[in-house]
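**Q** These protein sequence lines are chains Z and G, in that order.
Going by our numbering, the first sequence opens with residue 1, and the numbers climb by one from there.
Going by our numbering, the second sequence opens with residue 1, and the numbers climb by one from there.
Intra- or inter-copy, both count: the list cannot distinguish identical chains.
DSS-like, lysine-lysine: derived pairs with alpha carbons at most 27 Å apart:
id, residue 1, residue 2
1, Lys302, Lys272
2, Lys181, Lys50
3, Lys133, Lys69
4, Lys413, Lys181
Calculated from the structure, these hints are not laboratory results.
There are 2 protein chains.
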Amino acid sequence: MNNNSAFETNLDQNQANYTALSPLTYLERAATVYPSRVATVHGEIRRTWKEVYQRCCRLASALQKLGVKKGEAVSIMAPNLPEHFEAHFGVPMCGAVLNSINTRLDSAAVAFILKHAESKVLIVDREFSAVVKAALTMLESPPYVVDIDDPYYTEGELIGATQYEALLDSGDADFVWPRVKDEWNAITLNYTSGTTGDPKGVVYHHRGAYLNAVSNAISWGMQQHPVYLWTLPMFHCNGWCFPWTIAAMAGVSVSLRHVRADHIFNLIKSEKVGYFCGAPIVLNMLNSADDALKAGIEHPVKVMTAGAAPPAAVIAGMEKLGFSVTHVYGLTETYGPSVVCVWHEEWDDKTLEEKARLKARQGVRAPMLDGLMVADPVTLQPVPQDGKTMGEIFMQGNLVMKGYLKNPETTAKAFDGGWFHSGDLAVWHADGYIEIKDRSKDIIISGGENISSIEVEDVLYSHPMIQEAAVVAKSDEKWGETPCAFVALKDCDKEVTAEEIIKFCREHMAHFKAPRHVVFGPLPKTSTGKIQKFLLREQANATESE
Amino acid sequence: MNNNSAFETNLDQNQANYTALSPLTYLERAATVYPSRVATVHGEIRRTWKEVYQRCCRLASALQKLGVKKGEAVSIMAPNLPEHFEAHFGVPMCGAVLNSINTRLDSAAVAFILKHAESKVLIVDREFSAVVKAALTMLESPPYVVDIDDPYYTEGELIGATQYEALLDSGDADFVWPRVKDEWNAITLNYTSGTTGDPKGVVYHHRGAYLNAVSNAISWGMQQHPVYLWTLPMFHCNGWCFPWTIAAMAGVSVSLRHVRADHIFNLIKSEKVGYFCGAPIVLNMLNSADDALKAGIEHPVKVMTAGAAPPAAVIAGMEKLGFSVTHVYGLTETYGPSVVCVWHEEWDDKTLEEKARLKARQGVRAPMLDGLMVADPVTLQPVPQDGKTMGEIFMQGNLVMKGYLKNPETTAKAFDGGWFHSGDLAVWHADGYIEIKDRSKDIIISGGENISSIEVEDVLYSHPMIQEAAVVAKSDEKWGETPCAFVALKDCDKEVTAEEIIKFCREHMAHFKAPRHVVFGPLPKTSTGKIQKFLLREQANATESE
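Given the sequences, and given the hints that come with them, work out the whole structure.
**A** Below, the structure written as structure tokens:
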């Protein structure tokens, strides 16, 4: 820039014309503009935006009184309850950083996180108090523990020094929370559930949270006052930033402790839920529910799904219910979904199979992601948009994390060359859509040929009796690796053998890509519904060769 | 912030995780994600987002070849044509600052602006070439002039060194435009049509333009692909930032040279226009149109109005047409509308009069305005929210301008105390809505009592025969000032006298507030449809006292 330009002289930032971007302003505005609109629902408990705001002020004030300082972590391990929603605001309102812990972790992993984050306070729900109790014994300086005593859940122990409601009572509803001065300051900390090594602490900042909240709303074409159901865990990329989206749109946050079809359908009907997110596995569960549960939904429902490409049958089932499915993609490092499979009207007339094929692609950059490419992992040269050449997915811009906590080497590596390295392998289609072919580690190299486990899985999913499938590499003396399939069958009377499934695969793809082994049984999954391939890999290689 | 916090250490901004906010990224994304969707419509001319993007690249490249440097101004004086839309992207894409000139200005005012902005290039439409030609003779270093040769307009002279299409041809469609590095850099320059003194040049930056574009979309609950009709001039706060909103939402920009009811209704029907903006006077014109024109609109249409509170009759007429009206408020200094009269569902059941009264209020802060208050102009102490105490409206945050060009004193004054001083007087209601009572200079002080000219006008508008009304102060020996009304009557056979109108006013308000004088005839208006009260004030005081 021409620094002598009159347009850059005597026109500096000041208090009147510059405010740090922060999603906390969404809550403040919702409370001011819509004080008496319902903000959170949990069973019979309903609170307005003004009430939620005051509770968040109390929480911030109480944490400050407890001695929590700016730039310190406050952890929470809880289901998708109002308290968890409030923590997304109240914790950063005192300058602290919210660390929402994956509720499926064991004590050792929880202890690792609490120690690494140096959490000063831990808010915990009864359902996870046993795990937390054990974790605390492993720490030299355990955090101050606050119990959530959910009236709808009586199991589990209360283990804290105080209870959440008592903590709020100790805070000041008129607390003047310190405004965010620097939008680059940390707002949350999310640990990736890495399959190797220690989990990494992904740090988000106020600016990114503010922008992704709006990017979500635009992606979905959200109207004001969306009713959002919490099927997606809040510990997962801060619920893909939806607590902040809901505040920005003055919507309704509908709590959900357990992802069960009956709860979900009942809440969709009783609360007129218009939006929810979940892995394809959740959609699958809803599709398989009783017709009686499904009946009676007369309003439009939009679903965002990620974690795996939604199979055609899942999309068809959802559409039959009148639910419209948007496929998105992202990583913890990109605030959740930063890539969206934008739908084009002209695709509406295609066959279900064609639609599923188009929708299975991860897509294009979300409204506020600045850069997306598939490129050579070493040279960072973009691959041709030919739908064939494989490369790594790279992202750039405001929806990329601040970095990994206390891990400058890994941070630098992740940002090497000025792009975020996703570690996911994909092709780039002529229309600009990216399609994941595999995680680097999920590629099966058999006789020197690359086999995409996703491609084999797609064929398996097209088998009429297969409910779920995952394919991993199994060591093989002759071929190096061969594909090994794990399948869960649909609940029906018929039977199918491993040989029949292998034959089916050979009929639908190159022979060398067909699995050599088929293992039947339920598939192990992460808390977010992702199939845990590393476990299957272990199992495949422990299995005696045929 | 605790600077030793691990959350602020080794987690700096870099190319991978930080991009300057700029609305230019909206255009780039629309061209990438929706290359073949229609972006601009002008008569039979339709261009896709890819085509528009390439034309903007050519424009930026051509301007650079002409020698335009970063931080220099490029002016345009044109109706709401595709070229004007393109200039909102192509000009800043070469690092220059777009200055869109009010098309109602005379040669002297245009010359003042071109000189003050030091414009290097001026793009001009045939309709305004005569005014520009005269303005150029007043300049020592006139800009390089480019003609727009609109195929649908053959009047007026071509006066430039080249034509717009030839200029584009000289540019490179593959031009790699320099990315915006600093979101605080200027993007546009808009001169206020001040009624006293020289016009002030309001500078916008990329960050504010980016944010207000999205704020607009959220305010209106816009879905993807809005079809937007250009009834609001683009020279007015950059069309309230809607060129950038349309790009962000991958919508359609429908051109309009003249604001005429037949053109508007025909385009609403033929292009399925869903959104447009305009002063109440424009809505009034549409209400008064022939029923034949109005018939046949079967899709929802949303209208944003500002500049004056929409009278009940105007709202009722619009609603009868099925148009939903949102009242917004702002100034050139706040990127156009930064305050919005947010509607609450529970108001739907009120009477038309009550609805009009609620909707006449300016409202609450727009989604991305950070601060709004009514306060004492000197102490900046907020007034009580009692709907009675008058104060000045103040704004704060990212939707407030960068400042006035080459005018540090006025800039400092406007931002005194860390808030932008709007100069508008208002009350603050208990529900947080602000309601303008007057511009400081529009208050009439009669016998020591303040009379709000707006209050008197509201009564006049409720008279069945009055089409338009404006009230100003007239000097009076006894009272200091008295209200003088200027009214334009509806087109009907009946007649009404000044005495009858005064009597009507006295029946509906305190006697001392009723006008002492009534003048009949059409009201002088600015290019944006605002009644020019300073002219009426001169006329009122030139009129012989009765």
